[in-house]
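Spelled out from the first residue to the last, the chains are:
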Amino acid sequence: MASVKLTNVKKIYDNKVVAVHDFNLDIKDKEFVVFVGPSGCGKSTTLRMVAGLEEISEGTVEIDGEVVNDLQPKDRNIAMVFQNYALYPHMTVYDNIAFSLRLQKLPEDVIYNKVTNAAEILGITDYLMRKPRALSGGQRQRVAIGRAMVRDSKVFLMDEPLSNLDAKLRNQMRAEIILLRQKLNTTFIYVTHDQTEAMTLGDRIVIMKDGYIMQVGTPTEVFEMPENLFVAEFIGAPKMNIMHTELSCENGKYYVHPFGARLPVEGDKGAKLNELRVPGKQIILGVRPEHIQLAKEAGPNTIPVKLEVNEMMGSELHLHVYTEDGTRLIVRVPTIDLDPEQRNSLVQGAALNITFGGKVMHFFDKETEHNILLP
Amino acid sequence: MKTRKSLPSGIVMLIVAACLIAVCAPLILWIRHAAAMDSASFMETCQTIVHRIAHPFPIDPDHMGAVLLTILMLLLLAIAVVLVIVAVINLLRGPRDEQSRHMGLRTANAISNTAIHILLVVISVIWLLPFIFIVLQSFRVESTYQVGYIIPEKWGFDNYVSIFSAGSNFPRWYLNTFIMALATAVLQTVIVLCMSYTLSRFRFKMRKPLMKFMLVLGMFPGILGMIILYRILSDLGLTQAHAVPGLILVYVASSGMGYYVSKGFFDTIPKSLDEAARVDGATRAQVLFKIILPLSKPIVIYTILTAFMAPWGDFVFAKYASMNNQLGMNVAVGMNTWLATPSMLFANYTKFCAGGVVVAIPVVILFMCLQRYYVEGVTGGAVKG
Ligand SMILES: Nc1ncnc2c1ncn2[C@@H]1O[C@H](COP(=O)(O)OP(=O)(O)OP(=O)(O)O)[C@@H](O)[C@H]1O
Ligand SMILES: [Mg+2]
Numbered sequence: 000m001a002s003v004k005l006t007n008v009k010k011i012y013d014n015k016v017v018a019v020h021d022f023n024l025d026i027k028d029k030e031f032v033v034f035v036g037p038s039g040c041g042k043s044t045t046l047r048m049v050a051g052l053e054e055i056s057e058g059t060v061e062i063d064g065e066v067v068n069d070l071q072p073k074d075r076n077i078a079m080v081f082q083n084y085a086l087y088p089h090m091t092v093y094d095n096i097a098f099s100l101r102l103q104k105l106p107e108d109v110i111y112n113k114v115t116n117a118a119e120i121l122g123i124t125d126y127l128m129r130k131p132r133a134l135s136g137g138q139r140q141r142v143a144i145g146r147a148m149v150r151d152s153k154v155f156l157m158d159e160p161l162s163n164l165d166a167k168l169r170n171q172m173r174a175e176i177i178l179l180r181q182k183l184n185t186t187f188i189y190v191t192h193d194q195t196e197a198m199t200l201g202d203r204i205v206i207m208k209d210g211y212i213m214q215v216g217t218p219t220e221v222f223e224m225p226e227n228l229f230v231a232e233f234i235g236a237p238k239m240n241i242m243h244t245e246l247s248c249e250n251g252k253y254y255v256h257p258f259g260a261r262l263p264v265e266g267d268k269g270a271k272l273n274e275l276r277v278p279g280k281q282i283i284l285g286v287r288p289e290h291i292q293l294a295k296e297a298g299p300n301t302i303p304v305k306l307e308v309n310e311m312m313g314s315e316l317h318l319h320v321y322t323e324d325g326t327r328l329i330v331r332v333p334t335i336d337l338d339p340e341q342r343n344s345l346v347q348g349a350a351l352n353i354t355f356g357g358k359v360m361h362f363f364d365k366e367t368e369h370n371i372l373l374p
Numbered sequence: 000m001k002t003r004k005s006l007p008s009g010i011v012m013l014i015v016a017a018c019l020i021a022v023c024a025p026l027i028l029w030i031r032h033a034a035a036m037d038s039a040s041f042m043e044t045c046q047t048i049v050h051r052i053a054h055p056f057p058i059d060p061d062h063m064g065a066v067l068l069t070i071l072m073l074l075l076l077a078i079a080v081v082l083v084i085v086a087v088i089n090l091l092r093g094p095r096d097e098q099s100r101h102m103g104l105r106t107a108n109a110i111s112n113t114a115i116h117i118l119l120v121v122i123s124v125i126w127l128l129p130f131i132f133i134v135l136q137s138f139r140v141e142s143t144y145q146v147g148y149i150i151p152e153k154w155g156f157d158n159y160v161s162i163f164s165a166g167s168n169f170p171r172w173y174l175n176t177f178i179m180a181l182a183t184a185v186l187q188t189v190i191v192l193c194m195s196y197t198l199s200r201f202r203f204k205m206r207k208p209l210m211k212f213m214l215v216l217g218m219f220p221g222i223l224g225m226i227i228l229y230r231i232l233s234d235l236g237l238t239q240a241h242a243v244p245g246l247i248l249v250y251v252a253s254s255g256m257g258y259y260v261s262k263g264f265f266d267t268i269p270k271s272l273d274e275a276a277r278v279d280g281a282t283r284a285q286v287l288f289k290i291i292l293p294l295s296k297p298i299v300i301y302t303i304l305t306a307f308m309a310p311w312g313d314f315v316f317a318k319y320a321s322m323n324n325q326l327g328m329n330v331a332v333g334m335n336t337w338l339a340t341p342s343m344l345f346a347n348y349t350k351f352c353a354g355g356v357v358v359a360i361p362v363v364i365l366f367m368c369l370q371r372y373y374v375e376g377v378t379g380g381a382v383k384g
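As they're listed, the protein sequences go chains D and H.
The numbers in numbering that gives the first Met the number 0 rise by one with no breaks, and the one at position 285 of the first sequence is 284.
The numbers in numbering that gives the first Met the number 0 rise by one with no breaks, and the one at position 188 of the second sequence is 187.
To be clear, the hints were calculated from the coordinates, so they are not data collected in a lab.
For clarity, every value in this text was computed on a predicted model and none was experimentally measured.
Positions of the beta carbon are idealized from the N, C-alpha and C atoms, including for glycine.
Calculated cross-link-like contacts (lysine-lysine; reagent style DSS-like; alpha-carbon spacing at most 25 Å):
| id | chain 1 | residue 1 | chain 2 | residue 2 |
| --- | --- | --- | --- | --- |
| 1 | D | LYS9 | H | LYS204 |
| 2 | H | LYS289 | D | LYS73 |
| 3 | D | LYS15 | H | LYS207 |
A few chain D residues that don't get close to chain H, going by computed Cβ distances all over 12 Å:
| id | residue |
| --- | --- |
| 4 | LYS4 |
| 5 | PRO37 |
| 6 | THR124 |
| 7 | GLN138 |
| 8 | GLN181 |
| 9 | GLU274 |
| 10 | ASN343 |
| 11 | HIS369 |
| 12 | ILE371 |
The shape of chain D in the complex, shown without the other chains (with noise of 0.2 Å):
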């Protein structure tokens, strides 16, 4: 229920660690968005700052138009999910869940109706007169979210709420998060080290590295136009593979040059750099597993590679190859698509050509890693 603004907001700890630089967002009033990046990347500390749970440094934090900078937390109207739940022990799990109505001196059978209300939507009315410590780490997450649920707070912050949980149960919550959000319909900050739960929760994802945004963009924004090689690695799964290689233009035609094979640029990339004028220059090259083929057979635009390791995933295999000077690629093919000889025949040290098209190519720049098509 309101808009949350970042401006220039900067973190440095006491120990002069800068943990966050010159960290710009605008959030929109009932925007869903996702803090994802590696450990240590300053998400939490963000967060924290909107929370009013650490300094801010420098800059401003605004929700709803109001610098919050100098209110407590209990003035900001926010409510948050830790990674550690953080349940009161001493107290049971409607006392937890009752606490923050209890402070706002709200009359017994309003605290009564919301209580159970968020009980029954999260399933834990079963559990209401337990202490926390008899609950399971799911039941624990449930009324953890129950408890910032029933404050009809301007903006839900939640710090990794699933990363305590098995990857079914964590898989479980997922769902039921993006069911929340839906009946919540309030804005949310959510952080997370993993990048499947940020494209499949978040409405705008914000990629983070060592204190700087990388890239902040839609789902299909960051997974199909990754500004930098550090987005384009992160997003996806396996992840992109990498190629140093060149770029060369012949008369007006892109072609790239992976490991002798020659592969033409084409469609909407290869017009872009026509577009760009982007001279030929060595380049770094991505390619997602998914759009790598087998070819049946060699040829000037395939690239011979050994197999090393093969993953039977179910419905589809992940071929770990290298090529002949020893770069790994990863190579993902339906398993629908092959007959089961072909199959029989991806043995470790197989020899095989794979290939790929023109259309799903990424390229970034060797020195600045960023990508050549997004000046």
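With chain D held as given, fit chain H with the ligands onto it using these hints.
This is chain H with the ligands only, laid out in the frame that chain D set:
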């Protein structure tokens, strides 16, 4: 019986044995010495243990008691030595193999448990004797002086009646002590807990140096400042008849330095609980009262108890501040005036015992109510802090 791992049980035995040796060895020496000098009987030796320090009094000679006690002590010492050996073997052997886990552990546990329990019973009897003695003496009405037997010949409440009779200053002392202890308990607990919370949760300039400074300052005995404190109190007019507020001031003044145990305990409570509460809309004070304190009940109780006990039993400073003015005395100082000379001791001995019992009552009640938490509190803060 829970099965224990060999390493901790070995250490426990070692500690128990060490304590035993530390207690027994000097006691034996002392008893032998006492036996040679005035040859006290068994019961009277106990009497001596209690009162010798305060007032030596001639006791009938009888070698047997002292000899018995010496034998008992030697026995304890022998048990201690056995315990040491068992413990050392236990420690050396390390974790038991599967075989002995099934066969030997139970018997070994049973033996060591029995030994420890016998030991504890013996120790507690020795420990309790003086207290039983005092209670019994306080009901003795046939004479007021010290005697060589424990069970009174005639029972009655005369001593109690006399300390609460008109003209007795005892109620006044009692009230003084109670006011001081209560005020100190309340104020000190509040100060200590706030201090601990602050040092545990807030980060401010000079926090570390301040903590170190207080730690070092705490190493000097408080008595060192007595003369100058008296001077200050007397300038403020808070000595003699008005010693009570003065003493409260003294007891409470340095209480902030007692933050150590409770800060250690607070440090073990995850900070994200504070943060969750603050996000939930709590002020810092509400965090302290609604989250931190309910989670640290043991340490709060511990703080209250220690804060109450210190003024309740204080003698040195209370004596100094009251300066012989009966109106400003606490019980310890006041009752001491009953025993100022041998002739007074002759007249007031049983009364003194009665006074002692009355003094003990609130503390006993307090302990009985809070004892469960007290034990938890000490270990909880100490181990985790
Ligand atoms: N209290 C602190 N004092 C000093 N430095 C800190 C403090 N908290 C975090 N940092 C540093 O700030 C940087 C960012 O930390 P932050 O907790 O925001 O990372 P994160 O992105 O949330 O990582 P994770 O995914 O592991 O939770 C890290 O380099 C960390 O070492
Ligand atoms: Mg984090």
